[in-house]
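Peer 1: One-letter residues, chain by chain:
Number of protein chains: 2
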Amino acid sequence: MHEALKKYFRERTEIQEEKLDELSPYFKEKLVKKNEFLLREGEVCKFNYFVVSGCLRLFSVNTEGVENTRYFAFEGKFGTSFTSLITGEPAIEAIQSLEKSTVLSISKTDFFYLVEQEPAVNKIYRNILESAYITTQKRIYDFQGSDSLGRLKWLLEQQPMVFSRLSNKTIASYLGVTPYTLSRLKAQ
Amino acid sequence: MHEALKKYFRERTEIQEEKLDELSPYFKEKLVKKNEFLLREGEVCKFNYFVVSGCLRLFSVNTEGVENTRYFAFEGKFGTSFTSLITGEPAIEAIQSLEKSTVLSISKTDFFYLVEQEPAVNKIYRNILESAYITTQKRIYDFQGSDSLGRLKWLLEQQPMVFSRLSNKTIASYLGVTPYTLSRLKAQ
DNA sequence: GAAAAATGTTGCTCTAAAGCAACGTTTCTC
DNA sequence: GAGAAACGTTGCTTTAGAGCAACATTTTTC
Chain A
1 MHEALKKYFR ERTEIQEEKL DELSPYFKEK LVKKNEFLLR EGEVCKFNYF VVSGCLRLFS
61 VNTEGVENTR YFAFEGKFGT SFTSLITGEP AIEAIQSLEK STVLSISKTD FFYLVEQEPA
121 VNKIYRNILE SAYITTQKRI YDFQGSDSLG RLKWLLEQQP MVFSRLSNKT IASYLGVTPY
181 TLSRLKAQ
Chain B
1 MHEALKKYFR ERTEIQEEKL DELSPYFKEK LVKKNEFLLR EGEVCKFNYF VVSGCLRLFS
61 VNTEGVENTR YFAFEGKFGT SFTSLITGEP AIEAIQSLEK STVLSISKTD FFYLVEQEPA
121 VNKIYRNILE SAYITTQKRI YDFQGSDSLG RLKWLLEQQP MVFSRLSNKT IASYLGVTPY
181 TLSRLKAQ
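Which chain is which? The protein sequence lines are A and B, in order. Just so it is clear: in the first sequence, position 44 is 44 by the UniProt record's numbering, and no numbers are missing. Just so it is clear: in the second sequence, position 93 is 93 by the UniProt record's numbering, and no numbers are missing.
There's no promise every hint is true.
[As the list claims (entries may be wrong)] Far from chain A, some chain B residues (derived; all Cβ distances over 12 Å):
| no. | residue |
| --- | --- |
| 1 | M1 |
| 2 | S107 |
| 3 | R126 |
| 4 | E157 |
| 5 | T170 |
| 6 | A187 |
[To be verified] Here are the simulated DSS-like pairs of lysine-lysine, each with C-alpha atoms no more than 25 Å apart in a straight line:
| no. | chain 1 | residue 1 | chain 2 | residue 2 |
| --- | --- | --- | --- | --- |
| 7 | B | K123 | A | K123 |
| 8 | B | K6 | B | K100 |
| 9 | A | K34 | A | K77 |
| 10 | B | K138 | A | K77 |
| 11 | B | K46 | A | K19 |
| 12 | B | K123 | A | K77 |
| 13 | B | K108 | B | K30 |
| 14 | B | K6 | B | K30 |
| 15 | B | K6 | B | K46 |
| 16 | B | K77 | A | K123 |
| 17 | A | K77 | A | K33 |
| 18 | A | K123 | B | K34 |
| 19 | B | K123 | B | K169 |
| 20 | B | K19 | B | K34 |
| 21 | B | K138 | A | K108 |
| 22 | B | K28 | B | K108 |
| 23 | B | K77 | A | K138 |
| 24 | B | K34 | B | K77 |
| 25 | B | K46 | A | K123 |
| 26 | A | K46 | B | K77 |
| 27 | A | K28 | A | K153 |
| 28 | A | K169 | B | K46 |
| 29 | B | K7 | B | K30 |
| 30 | A | K34 | A | K19 |
| 31 | A | K77 | A | K169 |
| 32 | B | K123 | A | K108 |
| 33 | A | K138 | B | K108 |
| 34 | A | K138 | B | K169 |
| 35 | A | K77 | A | K30 |
| 36 | A | K138 | B | K138 |
| 37 | A | K169 | A | K100 |
| 38 | B | K138 | A | K46 |
| 39 | B | K169 | B | K7 |
| 40 | A | K46 | A | K77 |
Calculated from the structure, these hints are not laboratory results. We put the CB at the ideal spot given by N, CA and C, even for glycine.
Kindly produce the complete structure, drawing on both the sequences and the hints.
Peer 2: Following this line, the structure appears as structure tokens:
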């Protein structure tokens with residue numbers, strides 16, 4: 001198993017080294033080009049991805065063609081459309097690589113099998129869901145409560161690396177403003 | 001244990017009837033007046049609540065004094081500030097009853113003890129987190145993608161009972177619009 | 001590495017929703 | 001059940017941010 005994923009497990013569970021090696025074969029390394037899609041809107045999501053290097057984003061395109069980004073998964077994070085993975089329904093969001101990336105993929109079947117069978121994976125899954133809950137709760141309050149400058153400052157504080165690695169267009173689609181507005185805000 | 005909570009467990013797990021009776025003493029019935037607070041912003045959350053009848057809301061007040069509602073827990077749902085419950089940090093949201101309600105409360109300590117010890121409770125917790133994930137993902141896309149009329153229609157579709165049971169002021173604080181705007185939108 | 005494509009900036013105009021005020025209606029409270 | 005307080009509606013004004021256009025800059029492609 002890739003060292004980065006071992007680290008992820010060790011930091012969150014009491015897992016034995018042998019157990020880590022047992023889990024290893026479930027995860028397959030995959031190289032992803034910049035802008036490549038791992039999932040298209042409308043497809044059923046079949047994999048969970050752990051980002052070793054690079055960055056993925058989850059986004060959806062509305063009826064007017066405007067992109068809407070919900071989440072960035074940088075190195076050391078899991079990223080997938082859990083909603084589609086859990087329900088088995090077609091995803092309402094796409095997964096795209098924003099940089100040349102290396103990910104470890106595990107199939108939906110294997111993942112949920114391990115969640116049931118391996119206490120460490122059960123714990124990891126709980127941990128992912130808890131983190132997602134916390135992140136989203138904060139996002140809802142911070143976004144609904146403030147104007148676009150406020151949201152920009154919030155993102156600068158929470159995820160500064162976004163600004164050095166991603167395009168303004170992408171950041172705008174996360175903040176829920178047009179690239180015009182973002183450009184003007186940054187001039188302050 | 002209250003019949004409504006038994007039903008909740010039966011619908012989501014393979015639990016034995018004797019096990020339900022074993023879990024019963026952990027849940028204490030509590031009557032809550034309309035507008036009563038179960039948690040104030042800034043307090044550490046110590047309980048998880050299952051709503052037997054009535055309705056709770058989770059909300060926060062921003063620096064300008066504007067209320068911001070994130071979630072309504074109607075009968076048959078768990079409602080608490082999981083973020084504070086999980087992290088042990090002071091809550092950034094308050095829990096308030098919107099109607100005369102009956103809830104079953106379980107302490108944080110007991111709850112997480114059961115999550116570790118009882119597979120059924122582990123499953124229930126996972127289920128709560130998964131549902132929260134799915135609901136919030138949809139909410140983020142639907143809110144960020146559309147204008148206030150679109151959000152109103154979305155809420156009408158997703159949770160119509162909100163409109164018959166809650167005040168316009170409360171609904172406006174959920175939709176992220178002023179009560180003026182909501183009043184005008186409804187005139188269409 | 002030159003041409004083409006995508007991205008970023010800035011001026012101007014337009015619009016959805018906020019803010020305020022005034023007034024009607026419902027609901028608490030004792 | 002009478003008075004007070006909270007809530008809801010509607011007209012008018014203001015404003016943050018969208019939309020368009022034109023141009024500058026960076027990135028991709030062959």
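Peer 1: It remains to establish, for every hint, whether it holds in the given structure.
Peer 2: Cross-check of the supplied hints:
1. M1: With a cut-off of 12 Å, B/M1 remains clear of chain A, as the shortest Cβ separation is near 24 Å.
2. S107: holds (18 Å)
3. R126: violated (6 Å)
4. E157: The assertion about B/E157 holds, with a minimum of 15 Å to chain A.
5. T170: Given that every Cβ of chain A is farther than 12 Å from that of B/T170, nearest at about 14 Å, it holds.
6. A187: holds (24 Å)
7. B/K123 / A/K123: Between B/K123 and A/K123 the Cα gap is close to 12 Å, so the pair holds against 25 Å.
8. B/K6 / B/K100: Satisfied, since the Cα-Cα distance of roughly 22 Å is no more than 25 Å.
9. A/K34 / A/K77: holds (18 Å)
10. B/K138 / A/K77: holds (21 Å)
11. B/K46 / A/K19: violated (35 Å)
12. B/K123 / A/K77: holds (23 Å)
13. B/K108 / B/K30: holds (16 Å)
14. B/K6 / B/K30: With a Cα-Cα distance of about 17 Å, the restraint between B/K6 and B/K30 holds, given a limit of 25 Å.
15. B/K6 / B/K46: holds (23 Å)
16. B/K77 / A/K123: holds (24 Å)
17. A/K77 / A/K33: holds (18 Å)
18. A/K123 / B/K34: violated (38 Å)
19. B/K123 / B/K169: Roughly 36 Å between the alpha carbons, so the hint for B/K123 and B/K169 is violated.
20. B/K19 / B/K34: violated (33 Å)
21. B/K138 / A/K108: Holds. B/K138 to A/K108 sits at ~21 Å (cutoff 25 Å).
22. B/K28 / B/K108: holds (13 Å)
23. B/K77 / A/K138: Holds. B/K77 to A/K138 sits at ~21 Å (cutoff 25 Å).
24. B/K34 / B/K77: holds (18 Å)
25. B/K46 / A/K123: holds (22 Å)
26. A/K46 / B/K77: It is violated: about 29 Å lies between the C-alpha atoms, which goes past 25 Å.
27. A/K28 / A/K153: violated (38 Å)
28. A/K169 / B/K46: violated (42 Å)
29. B/K7 / B/K30: With a Cα-Cα distance of about 19 Å, the restraint between B/K7 and B/K30 holds, given a limit of 25 Å.
30. A/K34 / A/K19: With Cα atoms ~33 Å apart, A/K34 and A/K19 exceed 25 Å; violated.
31. A/K77 / A/K169: This hinted pair holds, its Cα atoms lying about 23 Å apart.
32. B/K123 / A/K108: holds (18 Å)
33. A/K138 / B/K108: The given pair, whose Cα atoms are some 21 Å apart, holds under the 25 Å limit.
34. A/K138 / B/K169: holds (22 Å)
35. A/K77 / A/K30: holds (15 Å)
36. A/K138 / B/K138: At roughly 16 Å apart (the allowed maximum being 25 Å), B/K138 and A/K138 satisfy the hint.
37. A/K169 / A/K100: holds (18 Å)
38. B/K138 / A/K46: Answer holds: B/K138 to A/K46 is near 19 Å, not above 25 Å.
39. B/K169 / B/K7: violated (33 Å)
40. A/K46 / A/K77: holds (18 Å)
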